Amino acid sequence: RKEVEQDPGPFNVPEGATVAFNCTYSNSASQSFFWYRQDCRKEPKLLMSVYSSGNEDGRFTAQLNRASQYISLLIRDSKLSDSATYLCVVSPYSSASKIIFGSGTRLSIRP
Amino acid sequence: DGGITQSPKYLFRKEGQNVTLSCEQNLNHDAMYWYRQDPGQGLRLIYYSQIVNDFQKGDIAEGYSVSREKKESFPLTVTSAQKNPTAFYLCASSRGTGGQPQHFGDGTRLSIL
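If you're matching them up, the sequences are chains F and Y in order.
Numbering-wise (our numbering), the first sequence opens with residue 1 and increments by one.
Numbering-wise (our numbering), the second sequence opens with residue 1001 and increments by one.
Since the hints were derived computationally from the structure, they do not count as laboratory data.
If you're wondering where the values come from, they're calculated on a predicted model, not measured in any experiment.
Check the hints yourself; a few may be wrong.
As the list claims (entries may be wrong) - Dumping the calculated EDC-like pairs for lysine to aspartate or glutamate here, alpha-carbon to alpha-carbon at most 16 Å:
1. F:Lys45 - Y:Asp1106
2. F:Lys2 - Y:Asp1059
3. Y:Lys1071 - Y:Asp1038
4. F:Lys42 - Y:Asp1038
With these hints in hand, go ahead and build the complete structure from the sequences.
Quick look at the structure:
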C-alpha cells in the first residue's frame, strides 16, 4: 500500500459545481497535512494546510479524519481557473524532511 | 519579493556529462530540498538539507550530489551515473522542521541530447 494515495482522476465537472476528493494515508502517526495545487508544467503551490478541526479558505474546505486516515478537499462554486492537479501532502513525522507527496488528482472544469 | 529561484529553466545534458542545477532562496529558510517529477507522477525526494553544511539522502539519491555551503543556496549536480536524468527538477525550502509547508521554485526541465 502506498503511503499516500489519491484518485488520479480526471474529475471533469461543470463550472459552478461542487467537487470533492479524498486522500488516504497509511501512517497513523502522521502529523501535518497540506493540499497543494499544480498547474500543467508548473511548480506545486501551497493551497492550504489542513487542521484537525477542519478549515476553510473562501470556496475551499479541507478536513482531516484521523480515525479513517484521510484528508479531503471540497471546492464549491468551481471556476474554470480551478482546473489543475491537486496534490495531497502528508508529513509522517514532525520533521518536514519526511514529507510525502501524493501523485495528485486531476481536476478539469468545463464551461 | 522573497522567493526561490531555480536556473536554468531548461537544460540539456550530453551523455557522460555532469550538469549542475542552481537553487537560491531569500526566504531565510533553514531547510531546502530537491525533488524529481516524472510525467504523470508524484514528487520523489532526491536530497534535503536542514542546516548549512549538512544534507541527507532522500529516496532516489543515486546519481546525484548536492552541497550546502550557504544558507541561501542548494545546488544539485546530476552526474553521469544517473542514467535516466530526463525529468522536471524542483527545489523547495521550508522554515524548518516541525511539519512546515514547503515552497517551491519554478523548476528546471532536464533532457538528454
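Hint check results:
1. F:Lys45 - Y:Asp1106: 10 Å, holds
2. F:Lys2 - Y:Asp1059: 14 Å, holds
3. Y:Lys1071 - Y:Asp1038: 28 Å, violated
4. F:Lys42 - Y:Asp1038: The given pair, whose Cα atoms are some 13 Å apart, holds under the 16 Å limit.
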